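Peer 1: Read off the chains here:
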Amino acid sequence: MRKAGAIAVLTMLATVGCSQSTVARRPLAEALVKPLGSPSAPSTSRESLERTRMEMEARLKTAPDDAAAAVRLSDALLRLARATNNSGLAVAAERALLPILNREPDRYDARRMLATALLSQHRFRDAIREAERCRQIQPRDAWPLGVIGDAHLELGEYDQAFAAFQQMVTMRPDAASYARASYAQEIQGDPVEALRLMKMALEATSPNDPESIAWHHVQIGGLQLAAGRTTDAAREYQHALFIFPAHPMAIEGLARVDAAHGRFDAAITRLEPLARDSASPSTVMFLAQFLREAGREQDATRYERLAEATWGRETLTRDHVKQFAGLARR
Amino acid sequence: MKKYFLIVMLGGAVVAAGAALVPITASSHREAPLISADPLADNTDLYAFISPTSQDKVTIIANFIPLEAPYGGPNFYKFDDNALYEIKIDNNGDAREDVTFRFKFNSTTMNPNTFLYNTGPITSLDDPDFNVRQTYTLMRALGNTGNRNTVLGSNLPTPPVNIGIRSTPNYEALAAAAVQQLPGDVKVFAGQRDDPFFVDLNVFDLLAVPPADVNNTDSLAGYNVHTIAIEVPIAMVTSNGAAPSSASDPHAVIGIWSTVSRPSTTVRKDQGAKSQGTTIQVSRLGNPLVNEVVIPRAAKDIFNGLDPVDDAAALPYVLDPEVPKLLSALFGIQSPAAPRNDLVTIFLTGIPGLNQPPGVRPSEMLRLNTAIAPASQPNPFGVLGNDIAGFPNGRRLTDDVVDIALRAMAGATPLTPQFNGGINAQLGDGVAANDRPFLLVFPYVGTPHAGNKQ
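For the protein sequence lines, the chains are A and B, in the order given. Count the first sequence with the numbering used here and you get residues 1 to 330, in order. Count the second sequence with the numbering used here and you get residues 1 to 454, in order.
With the rest of the complex left out, here is chain A (with noise of 0.2 Å):
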């Protein structure tokens, strides 16, 4: 609610009830740091995700116990890995998070951003185990669901993951909870609910998270895609970058539309530049693809080797974009 700022600090001190039900009481962890994006938080903008950054750091700096800048720089952090490919910024966000759990192992924010990063890092099952945990402390916060839930799907154990989805989605139903619903849907071979889905997912995202539009755009631009309507999806992409420029996920888009209608040189030009900069496996994978395409057969099997070395270990560094840069030049 709007004056969240009254139970922020009021239950500093307060006590409260574990449930309605109950008369038991116990003391709850300080007030949560408000997710970016939120109201009176600041926006996900690129950037103020990187204004947020550099203060939360230097703030850290001064202040290492300060575990509201320490919960605030990661979630920055995971925005901007999701926003710039960068998964690397994932490992940077556990680690700000790791001192303030070791000295206050109930703190739920960090608790919560800490099962997302993991989930960020792939590190599946530990997500799950932390996200499990901060279900024991409030167990009515949907956001661990969605880390179950994401973390199970990723491992392909899918009644686990739609049992939390269902689960999410029953006890709010939002942006976050409405998304997973969609790639639900889409999995089980239902694109047009997964499409309906999404896009109420987008309707219900605050102004204040330009980052989460951009996303929701992209995915709904990849369900356009995925159903052939590329005038759409390049819509879709397009309205991302307006909102998110150079979001990488939506340049990738706008390629594999240029791919769709045979414009291989076209998508390559918007790939390239994304591949050394801001890569994803996929990034690179859609990249060899449209080089064999385009007759490039050498290139294309370099980048698929820089695929296939990257993949294994699910995520793209820049190490391995100057590997492969070295290799390419050999």
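Hint data in this document are derived by calculation from the structure and do not stem from the laboratory. Careful, some of the hints might be misleading.
A partial selection of chain A residues facing chain B, derived with a Cβ cut-off under 8 Å [what the hints assert, rightly or not]: (1) Phe165; (2) Asp190; (3) Ser206; (4) Ser212; (5) Ile213; (6) Trp215; (7) His239.
Because the structure is a prediction, the values reported are computed rather than measured. Backbone N, C-alpha and C define an ideal beta-carbon position, used for all residues, glycine too.
Chain A is fixed; fit chain B onto it per the hints.
Peer 2: Below, chain B alone, put in the same frame as chain A:
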């Protein structure tokens, strides 16, 4: 290798064959945002008062979307098309809605070839430069929410947000054009306005309570909200379908609360049809500050999902709230001991002889005696200031509910006379008025702050 990733790789192998074979995107970046805040579905404040310009009508104002910074572009705030915004009225004291006004919004992009909110100055609600528009349907349902809706108005316009002097040069004219007069003597407005709530949020910094006469700063100055305002004949909302004959008329008191609900869905395909018709209540508001101060954090979401008929669950928090303990611990201010039946009266039942309906079932809602005429000179302390047309008998925009609530928590009301004096009766946040003037006519809420003033 994860199964989902295999899908990606297999898909990647066929991407070049054309759009129809484009693969599912990479799972490694598929994690959707995890956001705990849901501002578009967040009730901020509820007001209800007898219309000062038309005393046979009641005005109800429900605000949503907290802390809207005026400089919101390129993504401007609007109501969520998929959410159901409702104002509910209990007119017989049984804690169940008897009259519900429902608002369902629909957005349209006039020119899909641009992402801009407007392509030039917006000078009217049908200006071609007004690109992203939102209209709504207003429905009324009688009885419980399963009953059929009567459409009171459809395709009703909302004004644009107040972007700035170049895009929305004559904003109040646009807002005025969005005030709709409907059959049945119903007036309605939905759109951006100034946030009328005034508070120094330092009051929540360990109850940094200054003397009430200190001029502190309205922490919400400069922020906007999205307002739904409706003015209806009193007879439309009373249990006997008539305006009350006097303040003691058993049909005079109505209880009001606002809610936001979102549709849920069924995730698994093999578990039946999609439950698109099922909505989950995600936000609820009646009296100011109850959810923020009385209900503890761990129970807040539960309370948001409760119907008033189930409010017995919240009773322990009202009977023994935290704020009086903080007042004692921090300032040595003594308040009435638990159980706080005085607070139950103020927040859950209404005050006998003023706004408590006969046979009331305790439940948290804003209660208004519709037979009490507006005060000619409203006192911002409402009933505490001997102005029975103000909070907690309904709530007017000018009522200083933070001061009133703090004093009530400290027992400084006639219900607990031994605490009704001294410092207890002087508590406040030091902010006595809103940063923007209120309108003298419907929808009363002030002009929203512009994103660009130059």
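Peer 1: Okay, which hints does this one fail, numbers in order?
Peer 2: Hint check: nothing fails, all pass.
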